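Visitor: Listed here are the chains, written in short residue letters.
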Amino acid sequence: MAAQYRGTKTRGPDPAATPPQAATVLTAGPTPPSRPVSPSGTRRRTRFTPYLLLLPTLAATALLLGYPLVRNLLISFQTLEPFQLIQHTTEWNGFGNYTDQLTSSEFWHTAGRSVAFTAANVVLIMAAGTLIGLLLNRLGKRMRLLLSLGLVLAWAMPQVVGTTVYQWLFDTQNGVVNWGLDSLGWHSMHGYNWFGHQLSTFAVITLMVVWGSIPFVALNLFAGLTTVSAEIFEAARMDGAGAWRTFWQVLFPILKPFFLSTTFLEIIWVFKAFTQVYALNAGGPEGLTETLPVYAYVEGFGNQHFGTGAAISMLTIVILAALMSYYFRVILKEEDEL
Amino acid sequence: MRRSLAGRLWPNIIAVVLFAFFVFPVYWMVTTAFKPDLDIVSSTPVLFPLHGTLGHFSRAVHAAGFWTFVRNSFTVTIGAVLLSLIVATLSSFAVARMRFKGRKAFILMIMMAQMAPWEVLTISVYLIVRDSDALNSLLPLTLFYMMMVLPFTVWTLRGFIAAVPKELEEAALVDGCTRFQAVVRVVLPLLAPGLMATSLFGYITAWNEYALVLILNKEGGETLTLWLTQFQTNFGDDWGATMAAATLFTLPVVVVFLFMQRRAGTGMTAGAVKG
Chain A
1 MAAQYRGTKT RGPDPAATPP QAATVLTAGP TPPSRPVSPS GTRRRTRFTP YLLLLPTLAA
61 TALLLGYPLV RNLLISFQTL EPFQLIQHTT EWNGFGNYTD QLTSSEFWHT AGRSVAFTAA
121 NVVLIMAAGT LIGLLLNRLG KRMRLLLSLG LVLAWAMPQV VGTTVYQWLF DTQNGVVNWG
181 LDSLGWHSMH GYNWFGHQLS TFAVITLMVV WGSIPFVALN LFAGLTTVSA EIFEAARMDG
241 AGAWRTFWQV LFPILKPFFL STTFLEIIWV FKAFTQVYAL NAGGPEGLTE TLPVYAYVEG
301 FGNQHFGTGA AISMLTIVIL AALMSYYFRV ILKEEDEL
Chain B
1 MRRSLAGRLW PNIIAVVLFA FFVFPVYWMV TTAFKPDLDI VSSTPVLFPL HGTLGHFSRA
61 VHAAGFWTFV RNSFTVTIGA VLLSLIVATL SSFAVARMRF KGRKAFILMI MMAQMAPWEV
121 LTISVYLIVR DSDALNSLLP LTLFYMMMVL PFTVWTLRGF IAAVPKELEE AALVDGCTRF
181 QAVVRVVLPL LAPGLMATSL FGYITAWNEY ALVLILNKEG GETLTLWLTQ FQTNFGDDWG
241 ATMAAATLFT LPVVVVFLFM QRRAGTGMTA GAVKG
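Heads up: the sequence lines are chains A and B, in that order. Residue numbering for the first sequence follows full-length UniProt numbering, beginning at 1 and increasing consecutively. Residue numbering for the second sequence follows full-length UniProt numbering, beginning at 1 and increasing consecutively.
Just so you know, not all the hints are guaranteed correct.
[What the hints assert, rightly or not] Pair ranges (Cβ atoms, derived):
{"hint": "1", "chain 1": "B", "residue 1": "Thr-53", "chain 2": "A", "residue 2": "Gly-66", "range": "36 to 42 Å"}
{"hint": "2", "chain 1": "B", "residue 1": "Gly-7", "chain 2": "A", "residue 2": "Lys-256", "range": "28 to 34 Å"}
{"hint": "3", "chain 1": "A", "residue 1": "Val-318", "chain 2": "B", "residue 2": "Ser-43", "range": "35 to 41 Å"}
{"hint": "4", "chain 1": "B", "residue 1": "Val-70", "chain 2": "A", "residue 2": "Leu-145", "range": "31 to 37 Å"}
{"hint": "5", "chain 1": "B", "residue 1": "Asp-131", "chain 2": "A", "residue 2": "Ser-188", "range": "51 to 57 Å"}
[Claimed, not checked] When the alpha-carbon atoms are kept at most 27 Å apart in a straight line, the in silico BS3-like pairs for lysine-lysine are as follows:
{"hint": "6", "chain 1": "B", "residue 1": "Lys-104", "chain 2": "A", "residue 2": "Lys-333"}
{"hint": "7", "chain 1": "B", "residue 1": "Lys-101", "chain 2": "B", "residue 2": "Lys-166"}
{"hint": "8", "chain 1": "B", "residue 1": "Lys-166", "chain 2": "B", "residue 2": "Lys-218"}
{"hint": "9", "chain 1": "A", "residue 1": "Lys-333", "chain 2": "B", "residue 2": "Lys-101"}
{"hint": "10", "chain 1": "A", "residue 1": "Lys-256", "chain 2": "A", "residue 2": "Lys-333"}
{"hint": "11", "chain 1": "B", "residue 1": "Lys-104", "chain 2": "A", "residue 2": "Lys-256"}
What the hints contain is simulated information worked out from the structure, not anything from laboratory work. Please read these numbers as outputs of a predicted model, since none were measured by experiment. Where a beta carbon is used, it is the ideal one built from N, C-alpha and C, also for glycine.
In isolation and in its complexed conformation, chain A is listed as follows (with noise of 0.2 Å):
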C-alpha cells in the first residue's frame, strides 16, 4: 500500500509540492491509513470548519448582495428625489411609488414591450440556435471548425462593443447596412436613420442580441448531440420518420432538460438585458424602447426620482423571481447530487 502511494507522489504534477519527509515516513514502515483518533478539540473543530469556511462567502453575499436588495425594497417605498437626497432625510410613502407605477399606462406600456421584447428574442434565439446546432452535427470536420470559430468570435464579443460595432454597422451616413440594402436595390434605406423609430430601434436590438446569444444555445446543443448515439437517428430513419418528425418525438425527449434550461436563461438574460438597449440608443427615440431595467434605470437617475425607479426595478425583480422559481425547478429536477 505504501508503495502504492509512494508511485503515486512520484507521478505527481509538481515534485516541489512533495514534503520532504514523505519518502522517510513510507520506508519507515506501514503507517496507519488514516490519521490517528483526534482529540475531542479537534473534533469539535472539524464540525466547525465547514461553517468558516463559509464564512466569507456568506458575509460578502450579505454586504455586497442582500444588503443592496433590502436597500432597494426600503427605497421603493421612500420619496427618494433630490430633496431628500441631499437634506439626507427619509420620507416614507407606504405603496404610494407601486400605486403609481401599477395604475400609469407608461407602467404597463413598458412592461408589455418588455416581455414583447423577450418573446420575439427568445424565439429567434432558440430557433437558430437550435437549427445551427443541428448543422453543426451534420457538417464536415473542417466546415464545423469554420462555423465553430464564427460562432466563438461573436460569443468573445464584449456587449459593449457589439452595440458600438452595431451603431457604426446602422449608420445613417457611411453605414455597410444602409449602403447594402441601397444597392440591392431597397433605394429608400439610403441615409436611412434607424435610430430614429421604434421598431426599427428595436430590430437593431434584437439582431444585435440574437446575433450573440445564439453561440451559446448552437454550441451547447451541439455538445449535447454528441452524447446521443447516431443509431437513434439510424432506427427513426429506418422506421420511415422524416427530420421534423424525428427531432420533436426523438431528439427533443432525449435533450428536453437542456431545452427547458436554455429557454429560461434566455428568457431571464433578456428580460434583464440593459447594457445591450441602453448603451445602444438610450431608450430613445423618446423612450420608445426602454424596456423595464432601462425604464427603472431612467426614472432613477435620469428623472432623479430614486423611490420611483426603485419600486419599479422591485417589480421587475419580482417577474424575474418568478422565472427563476421555474428555471430551478427544472434544473433542480435533472440535478439530484448537488
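Chain B: place on chain A using the hints.
Guide: Then chain B, alone, in the frame of chain A:
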C-alpha cells in the same frame, strides 16, 4: 446511404453564409479600425481594404485619460478576480469535500446569487456607495465585481476540487501531512488549471461590466467600458478611432477566450491514481 451532390452541398453553403453573418461585425470593426479616413466615409464602403493605417489606434491611445482607464480596468478586474478566488476556494472546498448541515441550502443560495439582477439594483448600490462617500473610487467597484463573479467561481471550483482524487489527499495524510498541508501542497497545485480557467471567466465578466460603473464612477474613476461607450460622444463621428478603441478593448477578451478553448480539457490528474 449516399446523399446527392446537392444534398451534400447545401449544409456547407449555409455554413459559409452563417460564418459570414457571425464574423462580419467583428471583421468590419477590425477593418474600419485600420482603414484610412477616406475609405471610411466613401459612399461605396471598401469591403476589402488594401492599405491600412495605424492612425486611428494612435488617436484612441492618445485620447485624454486613456491610460488611466486602462489602469482602472485592470486594477478592478484583477482585484475582483483574485478576491473572489480566495473567498471561493475556501467555500468550494467545504462544499466539495465536507458533509454538513445546510450544504444544500448554501448551494441553492449560490445558484440564486449567480442570477442576481444587478442591472436593476443600480439605484440602491448607488445610494449605498454614495452614503459611504466612495463614489468615483475603485474599491466599491472591485468589491461589487467580486460579488458578481463569486457565485460562478464557487460553482466551478467546486467541480474542479471534486475532480481531484480524494486518495491523493489521503496519501498526503498518510505521509504525515496535516490536513492543511495536504490541501496546500497536494490539492492546490493540482487545482492550478481549474483556478486559471475559473479566473478567466471571472475576468471576462468584470472586464465587460457596464451598468454599475455607469452610475458609480465619473471623473477619473471610469473603466474602459464607459470610455468605449462614450468615445463616440467625445469624438463625434470619428468611426475609425471608435472602432480602433473597440478593437483594443476586445483584444484581451478574445485572447482569453482562445486560451480557454485550448486549455479546456486538462487531464492533469487523469493518471494520478492507480485503479
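Visitor: Taking the numbered hints from earlier one at a time, note which ones the structure violates and give those numbers from smallest to largest.
Guide: 1, 3, 8
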